[in-house]
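Visitor: Below, each chain spelled out in residue letters.
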Amino acid sequence: MDMGPLIAYEIISENTNLFFAFLIGIGFGFVLESSGFSSSRKLVGIFYGYDTVVLKVFFTAGITTMLGLLFFSLFGWIDLSLIFINPTYLYSAIIGGIIMGAGFIIGGFCPGTGVCAAAIGKIDAMMFLVGIFIGITFFNETYPLWEGLFKASYLGTPKISELFGISDGLMALLFVLMAMAAFWLGERFEKIKKPVVY
Amino acid sequence: MKPRILLAIFAVPLALIIAAVPENTTHAFKLTPSELLEEANSGVQYYSPDEIADMIIKEDPSLQLIDVRNADEFEKFNLPGAMNIPLTDILSEDWQAYLDQDIRINIFYSNGSLKSDKAWMITRQLGYENNYVLMGGLNYWVETIMNPTSPNATSPDEEFAKYDFRKGAGSALGGSAGAMNESTTSSKPALPVIRSKPKKKRVQGGC
Amino acid sequence: MEKEKKENRSNKYMNPYLGGVFLGLVLLAAFLISGRGLGASGAFKSTSIAVVKNIAPKHTENASFYQEFTESHPGNPMKSWLVYQMLGVIVGGFLSGALAGRLKLKVEHSPKITSKTRLIMAGIGGVLFGLGSQLGRGCTSGSALGGMATLSLGGIITMFGIFGTAFALAYFFRKYWII
Numbered sequence: 001m002d003m004g005p006l007i008a009y010e011i012i013s014e015n016t017n018l019f020f021a022f023l024i025g026i027g028f029g030f031v032l033e034s035s036g037f038s039s040s041r042k043l044v045g046i047f048y049g050y051d052t053v054v055l056k057v058f059f060t061a062g063i064t065t066m067l068g069l070l071f072f073s074l075f076g077w078i079d080l081s082l083i084f085i086n087p088t089y090l091y092s093a094i095i096g097g098i099i100m101g102a103g104f105i106i107g108g109f110c111p112g113t114g115v116c117a118a119a120i121g122k123i124d125a126m127m128f129l130v131g132i133f134i135g136i137t138f139f140n141e142t143y144p145l146w147e148g149l150f151k152a153s154y155l156g157t158p159k160i161s162e163l164f165g166i167s168d169g170l171m172a173l174l175f176v177l178m179a180m181a182a183f184w185l186g187e188r189f190e191k192i193k194k195p196v197v198y
Numbered sequence: 001m002k003p004r005i006l007l008a009i010f011a012v013p014l015a016l017i018i019a020a021v022p023e024n025t026t027h028a029f030k031l032t033p034s035e036l037l038e039e040a041n042s043g044v045q046y047y048s049p050d051e052i053a054d055m056i057i058k059e060d061p062s063l064q065l066i067d068v069r070n071a072d073e074f075e076k077f078n079l080p081g082a083m084n085i086p087l088t089d090i091l092s093e094d095w096q097a098y099l100d101q102d103i104r105i106n107i108f109y110s111n112g113s114l115k116s117d118k119a120w121m122i123t124r125q126l127g128y129e130n131n132y133v134l135m136g137g138l139n140y141w142v143e144t145i146m147n148p149t150s151p152n153a154t155s156p157d158e159e160f161a162k163y164d165f166r167k168g169a170g171s172a173l174g175g176s177a178g179a180m181n182e183s184t185t186s187s188k189p190a191l192p193v194i195r196s197k198p199k200k201k202r203v204q205g206g207c
Numbered sequence: 001m002e003k004e005k006k007e008n009r010s011n012k013y014m015n016p017y018l019g020g021v022f023l024g025l026v027l028l029a030a031f032l033i034s035g036r037g038l039g040a041s042g043a044f045k046s047t048s049i050a051v052v053k054n055i056a057p058k059h060t061e062n063a064s065f066y067q068e069f070t071e072s073h074p075g076n077p078m079k080s081w082l083v084y085q086m087l088g089v090i091v092g093g094f095l096s097g098a099l100a101g102r103l104k105l106k107v108e109h110s111p112k113i114t115s116k117t118r119l120i121m122a123g124i125g126g127v128l129f130g131l132g133s134q135l136g137r138g139c140t141s142g143s144a145l146g147g148m149a150t151l152s153l154g155g156i157i158t159m160f161g162i163f164g165t166a167f168a169l170a171y172f173f174r175k176y177w178i179i
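Residue numbers (our numbering), protein chains in the order written: chain A, 1 to 198; chain B, 1 to 207; chain C, 1 to 179.
For lysine to any residue, the following SDA-like pairs were computed, each having C-alpha atoms within a straight-line distance of at most 25 Å: (1) B:Lys162 <-> B:Glu59; (2) A:Lys191 <-> C:Ile179; (3) C:Lys79 <-> A:Phe138; (4) A:Lys151 <-> C:Phe69.
Here are a few chain B residues that sit away from chain C, every Cβ distance over 12 Å (derived from the structure): (5) Glu51; (6) Thr88; (7) Glu158.
Bear in mind the hints are in silico, worked out from the structure with no lab data behind them. In this text, a Cβ means the ideal position worked out from N, Cα and C, and glycines have one as well.
If we strip away everything but chain A, and leave its shape as in the complex, we get (with noise of 0.2 Å):
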């Protein structure tokens, strides 16, 4: 009964799976420039109201996924218990978002869609790429300092239909109907707004 991930089912090597890992990129490289996110205007839009692209695009690829494994599993061509699932570090997970979030509004990029505006050849992405990589390397030479909350409060990997006791099936139509309600409401905003110049 073979099924995925591929991998971990040894159906391909660890050097093809690198390779795999090298045309994935340029899949989602292609994707993020296309819809806009190599722009950092463009992406910092839903915080000022004037652009909806990252909640659109994000949201929906969100729910694809959800949806695409779900099935994926019921038709038994995919191991749910095999793929990775991001571990649960409360407190370094909440206080590494709330500066990456300070970082986001500051310089307008994420680490992947950073690498996407440089590709394009844009000088403040390369200097936000720059930027990331002294933060990485201050954080690796400071560890000592972190670890403690780097580590603290680990609750495995629980996940969020967990917390509130109902299926995955049915987190996922949350997760839809949130999106969709979302969307509506951001097309709704988007038409009342006087567009911003920018």
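Given chain A, put chains B and C in place with the hints provided.
Guide: Frame of chain A; chains B and C shown alone:
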């Protein structure tokens, strides 16, 4: 039509379906109770001692005998090439790769067929394939292979053929009852690795 | 004229819903093939570690972070899934930009600030993001997007952290972005 509406038309019904379907398992195939009953009654899970003896003599590489008795009994006496998975341990993760696979033919055996039948039912219910039961267990094995009854002079030819085979098998496999006392190696046979389930929650140092 | 230009510009971008579906499919493929989601910050982490290892090997043997890393990741830090993925992102982004005629060396900034200001802010933002991504064990691609797709609680918490904070701070940085 607005893209948003189009998306909703696809996403919402799909989400409704996935929410309504019972939580799926990763074993795509499990038997229903009636399927299991049918198989259990039909006896498809049985291999006769003759068949097994034949496979052993021919050194059939797909054969894997599994002794489901406890370790002591296994130490005292076991069939050649057998490995020991005590029935009580059968659900342990250590053995899963041996039981849930599609390369070897596993034959459960015990003294009679109580334990081996149980082992079969459990693994079959989990959806595992390629597991079978030695009909009659070691008791029957000894009766037929080790001490075959010589046919009457009036028995049909095939009885003689069977007898000859069993006699030959018995001596090839260690002579009459009692001579097979040395336990063959009790170490695990080499596993034909088809699927290593490395419990991989993929390691990634911060994406 | 201004409006026309803006429309022309936005017409060249893919419809965001379609882009989202494509992105979702790419992410799905990643799970199907490699059992993991996309990411970005991890590649920077690998690069940083590789560089530090090369220029100060003694230091990496003694410092706790590098020790921990080497223990859990034997071998070349650059030979990682994320590094290869990011190389692909560069290619993919470049291709898309080339096809759409968006290749241009420039500093993109609001007319209200100077290029220099923008570059400084980008740098600061980057430092913060780098630091945050290590604590958060991921960035928007990995933690937030991947987290949402797998319903990971940690990922979703980080996602709220990122977007919530950005929204909260948006007012204070408005002059850098909007007229």
